[in-house]
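Chains as they are written, first to last, in our numbering: chain A, 1 to 344; chain B, 345 to 688; chain C, 689 to 1305; chain D, 1306 to 1922.
Please note that the accuracy of each hint is not assured.
What the hints assert, rightly or not - According to the in silico footprint, chain D covers these stretches of chain B (three or more CB under 8 Å from chain D):
{"no.": "1", "stretch": "476-485"}
{"no.": "2", "stretch": "491-502"}
Said to hold, decoys possible - In silico lysine to aspartate or glutamate, EDC-like type, Cα no more than 20 Å apart, as pairs:
{"no.": "3", "chain 1": "C", "residue 1": "K1123", "chain 2": "B", "residue 2": "D414"}
{"no.": "4", "chain 1": "A", "residue 1": "K258", "chain 2": "B", "residue 2": "D620"}
{"no.": "5", "chain 1": "D", "residue 1": "K1536", "chain 2": "A", "residue 2": "D339"}
Calculated from the structure, these hints are not laboratory results. Ideal Cβ positions, reconstructed from N, Cα and C, are used throughout, including at glycine.
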Amino acid sequence: MSTAEKITEEKKITRKDFMTDQAVRWCPGCGDYAVLVSVQNALAQLEKNKDDVVFVSGIGCSSRFPYYVDTYGFHTIHGRAVAVATGVKTANPKLDVWVISGDGDSLSIGGNHFIHAIRRNIGLKYLVFNNEIYGLTKGQYSPTTKQGAVTKSSPFGSLEQPFNPASLCIGAESSFYARVTDTNPKMMTEIFVAAAKHKGTAFIEILQNCVIFNNKTHEQITGKEFRDDNQLVLKHGEPMIFGQNKDKGIVLDKTELKVVRIGENGITEADVLKHDAHAESPNLAFMLSRFTLPQYPVPIGIIRQVDRPAYEEQLHAQIKHAKEKKKAVDLNQLLNSGDTWEVD
Amino acid sequence: MSTAEKITEEKKITRKDFMTDQAVRWCPGCGDYAVLVSVQNALAQLEKNKDDVVFVSGIGCSSRFPYYVDTYGFHTIHGRAVAVATGVKTANPKLDVWVISGDGDSLSIGGNHFIHAIRRNIGLKYLVFNNEIYGLTKGQYSPTTKQGAVTKSSPFGSLEQPFNPASLCIGAESSFYARVTDTNPKMMTEIFVAAAKHKGTAFIEILQNCVIFNNKTHEQITGKEFRDDNQLVLKHGEPMIFGQNKDKGIVLDKTELKVVRIGENGITEADVLKHDAHAESPNLAFMLSRFTLPQYPVPIGIIRQVDRPAYEEQLHAQIKHAKEKKKAVDLNQLLNSGDTWEVD
Amino acid sequence: MSSEPECHELEKVTIKFAGDSGDGMQLTGSMFSDESAVFGNDLATFPDYPAEIRAPAGTVAGVSGFQVQIGSVDVHTPGDTADALVAMNPAAFKANIRHIRKGATIVIDMDAWTEDELQKAEMEEDPLKTDLVSSYRIIQAPISAMTRETLKETTLDLKGKDRCKNMFALGIMFWLFNRPLQNTEKYLKKKFEKKPDIIDANVKVLRAGYTYAQTIELFSVNYKIRPAKIKKGVYRQISGNQAVALGIVAASQKADRDAFLGSYPITPASDILHELAKYKEFGVKVIQAEDEIGGICMAIGAAYAGDLAFTTTSGPGLSLKAEAIGLAVIAELPLVIVNVQRGGPSTGLPTKTEQSDLLQAMYGRHGECPLPVIAASTPGNCFEYTLKAAKIAVEYMTPVILLTDGYLGNGSEPWLIPDMDKYPPIESRVPKINKKPYMPYKRDQQTLAREWCVPGMPDLAHRIGGLEKDDRSGHVSYVPQNHEFMVRIRAEKVERVVELVPDQKLIGNKTGDLLVISWGGTFGSLLTAVTEMQAEGNKVSLAHINYLNPFPENLKKIINNFKQVVVCELNLGQLHCILQSQFHNTNFLKYNKIQGQPFMIGELKWHFASLLAGDDL
Amino acid sequence: MSSEPECHELEKVTIKFAGDSGDGMQLTGSMFSDESAVFGNDLATFPDYPAEIRAPAGTVAGVSGFQVQIGSVDVHTPGDTADALVAMNPAAFKANIRHIRKGATIVIDMDAWTEDELQKAEMEEDPLKTDLVSSYRIIQAPISAMTRETLKETTLDLKGKDRCKNMFALGIMFWLFNRPLQNTEKYLKKKFEKKPDIIDANVKVLRAGYTYAQTIELFSVNYKIRPAKIKKGVYRQISGNQAVALGIVAASQKADRDAFLGSYPITPASDILHELAKYKEFGVKVIQAEDEIGGICMAIGAAYAGDLAFTTTSGPGLSLKAEAIGLAVIAELPLVIVNVQRGGPSTGLPTKTEQSDLLQAMYGRHGECPLPVIAASTPGNCFEYTLKAAKIAVEYMTPVILLTDGYLGNGSEPWLIPDMDKYPPIESRVPKINKKPYMPYKRDQQTLAREWCVPGMPDLAHRIGGLEKDDRSGHVSYVPQNHEFMVRIRAEKVERVVELVPDQKLIGNKTGDLLVISWGGTFGSLLTAVTEMQAEGNKVSLAHINYLNPFPENLKKIINNFKQVVVCELNLGQLHCILQSQFHNTNFLKYNKIQGQPFMIGELKWHFASLLAGDDL
Ligand SMILES: Cc1ncc(C[n+]2csc(CCOP(=O)(O)OP(=O)(O)O)c2C)c(N)n1
Ligand SMILES: Cc1ncc(C[n+]2csc(CCOP(=O)(O)OP(=O)(O)O)c2C)c(N)n1
Ligand code: SF4
Ligand code: SF4
Ligand SMILES: [Mg+2]
Ligand SMILES: [Mg+2]
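Bound-form chain A, shown alone:
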C-alpha cells in the first residue's frame, strides 16, 4: 500500500466529529459561537479521541457549551466547575479535562476555586468567557465590568474596581495565562492547541461579546478599525511591536513598560523588548497584565507559559511510590495492623 493510499484510509478527524445534535442556544451574534467552533477545530487538529475528553462547566450562557461538543460533558453548578474538574482530573489523569466558565462563574462566585486551581496547577484547560456581564441572568455587572457601567444591578453606575483577570491569575501563581478575542478564530484554535499541550492549569481569558447585554464592550480592542493599534499580539521570543504600521513598540523604563514609536527619538527595533513567555519570574507577565487602554495596547496571545509539575502528576507519583514501598499490603493486613490482641 502506498503512503497516499494509507493517508486516504486513515480516518481523518474533523470538527464535525465534535458536534452534537443539540440545537445551539445562544443569541444570534453571540461571541460564544466562534469559541465553540475554535475549540472543535482545536480538538480535531489535536486528533483527540472523543472518549477521553471531558468538558466541565458551571452555570452561565457560556456554560451550556458542553451540550454542543460531542465528548463527555458535565454542566455543573454555578462557580464550581473547576472544583468538579479537579476531581475528574485527579481521579483519572488520562482524561483531557476542559473547564468552561464565565466571568461571573469563575471570578465572582467561583473565585476561590479559581485561585486555588491555579495555585495547585491541576492539569486543566480552563476557558473563561469574559463578556464583562452576567449574560444568563440578564445583565447584571460582573467582577470584570468596567467601573461606572450602568447595568441592571447598577442603575447609577457600578462602583466596583474590576478584577484584571491576568493580574489575578499571575498573582495566584499561574503557569499558563493567555488572552484571546472571540473575533480571531484562527488564533483561538492555535492557543487552545498550545493550552492542550500544557502541563498544569492553562488559563485562557476570552474577550467575548455579549450582543444583548453588553454589546461592543471589547470593541476598542476587537473592532477592525482599532485592533492593530490597540492589540499587542505577543509571541514568545519576538519583539513587542504593534500598530497599523508596525511602528510602535514596548520598551522598559525602570520598573515600567512604555510605548514608543520606532524611528522616533532614535529608537530602533533593537530597543524593543522581546516577549519572554517562558521566564521563570512572573515579573514581565505581571507588567504586561497591567496594560489597559487607552494608555497601553491590550496584550493578546500567550503571556505566560512555564513548566511546573501538575498537581495530579505529583499525587499519582506519591501513590505509586507508596505502593512500591509497601507492595504486599492487603486489606486484612491493614485491618490487623497496629496493636491487636487475641481473645480465645
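Assemble the complex: chain A is given as a structure, and chains B, C and D with the ligands must be docked to it using the hints.
Just chains B, C and D with the ligands, lined up with the frame of chain A:
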C-alpha cells in the same frame, strides 16, 4: 487653668483601656499575644474611642482575638469575617472596622471574600495571622504551608504550591499591603497605626509563629541571628539596603530585582533602588512580593500604599447625591409612582 | 364599514399573547392588562418567559408568552386555559395550543406562516391543514404586511416597522374585547417621550389593528367585560418582586433604619435586587456580593451594625446561605431572607415555579436552628409579608425566611396602594445607658428578644459570636446546662412569634366534608377552585396558610372540624409532612403537582370532587 | 512490705484520668484501656478534650480527661460517673468532681496542690479543707516528687522527668485494679524505640507508682475485674473516625475502585482525613480542598470519573455542601457524605457531641432532593456502615449521608477485626458497548439506578448536568410531565433502598409497656439502660435505628405492639418529628438532652421508670 493642668485632666488613653476581663486562651509562647498587645497599643496611640471600634473575626486560633479587645467584637464563622465586616463598614462608615483572620480563614475557605474585598477597597483594616498552618484544628497544612511540609493532613509531604499572599493581594488590586513579624511589636504598632489611617482595605500579613504545630516556620526570617540578613525592611523613599553591616542592596536588572553588595563591583549606595510604596503602578510592589528566601531577603514593612476611593465612600456619595436630587420623595409617593389608576 | 357585530357579555376571559422573544409579547400583554385595569376589570397576569438562554428566532424554545385573565368578578388566577390566543408565529402556536380552550379564538400572523417558519418550529404538518382547525376559530390576519403597509410613509427602516407589529395584534384584541385605547396611547407617548416618530408609528399601527378587526368581517361577535366591583382607591400593577422591593423600603421607614440588601443575582429573584438598586434616594444600601454567602454575611454585618438587613435569593442560593443563617440564629440578629422558589433540585427548572423549599426553610441548617417562616400568597401581598417579616425579625431579634415563588415574583396584579400611615411601626429594643457590665443576651420577658445593641453606642461594647454563649453576658460558654437552656430558649422565642401571627382565616364554613389546606403562591388557584365548588353546593372550605412557623394558634381547631383534610402543594408534600408531624391525630391527605406549573382550577376541582365522592384515589 | 490488702471483685468499674493538657492524660488513659483490653475485659472509652484552644496551664479550661469503663460483663458506655479519679492538679479535680460517684477513690498529686494552682483553677476554697473530703476516699500522693526522685540518677532534664509523672499515676491505678504491666512496657518500648533513656525512665516511674501503691498502706482494698466473655478473635482498639477511614479503604477494595476523598478539616471529623491520607499504598486519593464546597465538588467530579468518592465533614461543613449535594442527587452519582455531628447551631460547641443534624441530612437542600440517610451506633460499626453507605451509593447511584458524631468519632472500643473476605462485593452497573444513542438515564428495573458510565468508556460520550433532564437521554428537558416523573422516580429510588436495609432489631420482647426508640451514637447508653431495666423486670424494649431513610420495613409493626413509645435523642426531637410524620397513628413521646454530653444511664432509667409508672412528666 494652665496647660499643664489641662493635660493632667485629659484622660490619657492607654493599652489598658482596650483589655477585656476574658482569660486569653492561646498556647504559651504563641505569636498571637504580641499581635494583641501591638494592636491595643496602636488603638491607644490613635486615641480611638472604643465605642466606635469593631473587631470582626472568622474561626481559628487567631480569630478569638475579638474577645480580648474591649471594643465591639464579632466572632463570626470560618472564612466569612471580611464579608461580615464589609456589611458593618458599609452600614456605618463611621466605625473603625478591623478584620482578624488566619491563613486558613482568609486564604483557604475565605479566599473569595478576601480577593473581592481587596478589589472593592472597602475601608477595613485586615490582619491575617500567617502561621502557615491550621492551628485551631490541630495542624493541617494551609494554602501558605511550604511545599513538602509534613503535617497531619500531609503525612507524605504537602504537594501544593503555596500562595504568596503579597502577590495574590497585589494581583487583586490591593491599595495597601504590608508585612510584619510577630517578633517586632514596635513595627507592628507603627504599621497598624498607618493602616488605620489608610482609606480602603489595608491588608497586613503577619508572620506569626505557632509554637505547637509549626514552630519556627518563620525562624529564618525572624530569628535574631538571621533577621538582619534575611529581612529587607522597607520605608517609602528610602534605599533598599539590608544586611548586618548594611552592605547589601537591591538594584534593578531589566525586569528583575537583584541583590548586590555595596562596595563591590563599583556599586555604591546611589545605585540602590529607593522604595516607592506610593507608586500608582503595582509593578515594583509585585516584584518585591516575589522575594523569598534563600535567594532574596523577605520584604517587611509597607510594600504598597496608594490612594483609591473606598467602596463605602462611593456608595454613600451615590446615596447622598440621589437624596439631593430627589428631595421631596416620601414613601407614599414612591408607592404611588409609575402608572396608577383610581377606582371609585 | 361593516354591520355591527353582536356583542356578548362575559364575566371572565383569559387571553394569551405569544410570539418570538423578539416580538415584544411581554409589553403587549402588559398594555392589554393595564388598559383593562384602568377600565376597572379585576385581573391576574402571568408572563411565561422562555428558558434562560435566548433560543434561535422561530423555535419553540424561543417562544415568549403573556397570559392575562380579566373579569367583571373577582379574578385570582391568570386562567387555566385561554379563550383567545395571539400567535405571532407557528412556534408560538405550537407551544401554546395545548393550553387553549376548545372553541377559542386564535389570531395568527398569516405572514409568518411560511414553510420556513413551520420548519423552525419543527412542525411536520401545517396544523392549518389538519382537523385541528375545526376545533377553534382561527383568524388568519396579515399582521406583518398590514403593519408595513400602515407605516409605508414613515421614515422607519424595515426592522423598525416590523417591531410595531405587536401593536397591530394588540389593536385587534382591543377591538375584540371592547377596550378603549386612550391609556395605551398615553403610555406609548410617555415611554417613547424622546422619539416622536416611534410614538407615531406605534399609535398608527395600534389603531390600524383596531380598525382592521372592526372592518373586516372576520369576527361575528365581540365581547364586553364590565368593570368589576373592586374596592375604591388608587391602584397600580405590581409584581411580587416589585412588591418585595417596595416592602423593603417601607419596612426601613417603619423601623426608622436604613435598609441594606446583600444579594447575588439569581433567577427568579434578581428583579428584587434590580428594583431596590434604584431606590438610593431612600438611603437603601445595596451590595451585589461576590456570591450568596457573601451576600448574607454582608447583611448579617449590616444587621449587627444597625441596618434593617435583607438578603434575597432562590433555591440554590438558599442552600449556600445555610451556614450563615445559623450564625444569625445564634447571634440573634434581625435579618430577612427572601427566597423566591423555583423548580429544583439543583439547577432544576430555573425559570419555572415550585414550592419545594419549605422543608429546607424549616430545617436546612445544622444544629437546632429554628426560625420563623412566612409565605406570601399574591403578588401584591408580597409587600405586606415583607413588612411583616421585618417586623418579626426586629421585634424578636431573629432571622426570618420569607418564601415567595417564581409565579408570584414574576406574576402581577392590580394592587390597591396602601396608605403607609396606617401601618404600625417596627419597634426595636435599643439599650438604655447601662450599668456595667452590659448583658447583651438579657431578654425581654414577653418576646424573649435580646436588645439590638450596635457598635457606636457608648459604653456598651461587648463581644458576640457563633460559639454557644452564656445566657446573659453572651460570653462563650461550654457549660452543658447553659447550652440546653439556650437551645430551648431560642426555640421558644420562635414559638412566641405566634403573638404577631393573626388567626388563620377560613374561607367557607367552619365545619364540613373537606378542608383544603394550601400555602404560598397557589392561593389564587385554590381560592377559585374552592369558591366555585362552594357555589356548586359542596361543603368545602379553604385554609390558606401564610404563617408556616409558627402556625396560627387556631389552626388546630379548624382542622378538627372537617371530615377530610387535604394539603395541596406544588411539591411532593412538604407542608403535609410538617402538619402530619405536628397534628398527628388527623390523617392529612395530599394532592401534589410538580411540573413547574401552577395548579389548574379544573384539576383541583376534579380532585376535590373525587375526595367528596369518596373515590379511591 | 505491708500486709496484703483485701481484693474485691467487681463486674464493672469506671476510671477517669484528668490533668492539664500537657500532662499526657490521653496517653495514660489509652494505656490503661489497652492493658485492660489485652487482659480480656470489655470496655468503652471517651476522651474529653478541652475546648479547642490551648488554655493556660492549670486552668479549668485546660483540663484534658479520659474516661474508661472496664468490665467482666458487656460494657457499652464509658460509664456515667467514675469510681476512681486521677486528678493531676486542682483544675482537674474541680472540672471532674461533679461526675465522680460519692464514695469513689480520688488520687491527687499532692505536689500540684499549691496556693498558686488553686488560684489558677479559680478555687476560692481548698476543697481538701471542706466537707467534700468526707464523701470520697482521697489519696494524696506526692506524684511529682516521687517521679523526680525515681529519676534522679537519669540524664533527663527536669522537664523531661516531669513528663513521666503520668506513669506514676498509671502505676498506682494498675495496682489498684490489679492489672498486669507487660503490655504497657512493651508499648513504651515500641513508642520510644529510638530513645532508650525515655523508655527506661517511663518504665521506672510506672513501676515506682505500682510499688508505691502496693507498699504504702493507703489503699485498704484493691480490685479485680475478671476477663469478660467476649467473642473469640483478634481485636484492636478503634475509634469511630479510624473505623470510617478503614471502611473507606475496605469499600474501595470491595467495589474495585480507587477511593477518593475531597475534604476540608473540621473538628471532630478531621481525623478521618488524617487517617486516610496515610493509606496511599491502597491507591487512596485524598485532596484537602480549599473549603467544604470544593471538597464535595471534587468528590462529585471523581465519582463522575469513576472513583468511589467520599467527603467528610461536620455540621457547618454539611451546611455548606447543601447545594452540591443537590447536584449529586440530580446527576445520580454515587457519593458518600460522612457527617460527624457536633454541638450546634453555628459554631456552637465544636468539641462536644450532639445529634442535631438529622433533619438537615433529610431535608437540608432546596427542591425535592431525597437521599438515603444512615447512622453508625458504635465506634466499631462506623466501619460497617461506611461500607454499607458505599454499597447503597454505588448500587443505587445516589449520594448517601452517613451520620456519626463526636462521641463515636473520638470514642473508641475493642473491635473484633472482621474477615474482609466474608463481606459481599459492591457491584457497579457498567454499560455494555451500546447501540447509539446512549441513554445514560435508562434505569435498572429493580433498583431504578442508572448505569455508572464514566469518561473514557468508548462510544458512550454523553452530557449530564444540574438542569432537569429527560427520563432516558439525559438531555435538558423542560417538559412539565417529565419533571414530575423524574422527581417522583428519584424519590422512589431512595425508597427502594429498603431492599438493602435489614429488618429492625428489637432488644427485648415484641410487645410490652414501653418501646424505646433511639438512633446513632447513643446506642451504648440506651442498651445499658434498657437491659438493666429489663433485668429489673420491666416490659421495656429497645429499637435502635441505624437506617433512617428509608426506615426498615418492619419498623411500623414493631411500634404498634407497645403501649407507649418514647424517642430518645441528643437534640430537641428530630427523629421524633420524622417518625411522628410517617407513623401518625402512634403518639410518640420524646426524651431529649442537649448539653453536648451523652445520656447518663441513670437519667434514662429514671425517665423510663416514670413513664412506666404513668407519671405526669
Ligand atoms: C448558586 C447560584 N447562584 C446564582 C445563580 C444564577 N446565575 C446563573 S449564571 C449567573 C452568572 C452568569 O454570568 P457569567 O458567569 O459571566 O456567564 P455568562 O452568562 O455571561 O456567559 C448567575 C448569577 C445560579 N444559577 N446559582
Ligand atoms: C465551615 C467550617 N469549616 C471548617 C471549620 C474548622 N476550622 C476552624 S479554624 C480552621 C482553620 C484555622 O486555620 P487558620 O485560619 O490558619 O487559623 P489559626 O488557627 O492558624 O490561627 C478550620 C479548618 C469550621 N469551623 N467551619
Ligand atoms: S445573553 Fe449575551 S452571552 Fe448570553 S447567549 Fe446572548 S449574547 Fe451570548
Ligand atoms: S495552636 Fe498555634 S496558633 Fe493556636 S494558640 Fe497554639 S501556638 Fe497559637
Ligand atoms: Mg459573563
Ligand atoms: Mg493559621
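Against the structure, the hints:
With 6 residues having a beta carbon nearer than 8 Å to a beta carbon of chain D, the stretch 476-485 of chain B meets the requirement of three or more and the stated coverage holds. Coverage of the stretch 491-502 of chain B by chain D holds in this model, with 5 residues showing a Cβ closer than 8 Å to a Cβ of that chain against a need of three. A threshold of 20 Å between alpha carbons decides the hint, and for K1123/C with D414/B the separation of about 16 Å falls inside it, so the pair holds. Restraint check: the Cα-Cα separation between K258/A and D620/B comes to about 19 Å, which is no more than 20 Å; the hinted pair holds.
A threshold of 20 Å between alpha carbons decides the hint, and for K1536/D with D339/A the separation of about 18 Å falls inside it, so the pair holds.
The earlier numbered hints are all upheld by this structure, with none contradicted.
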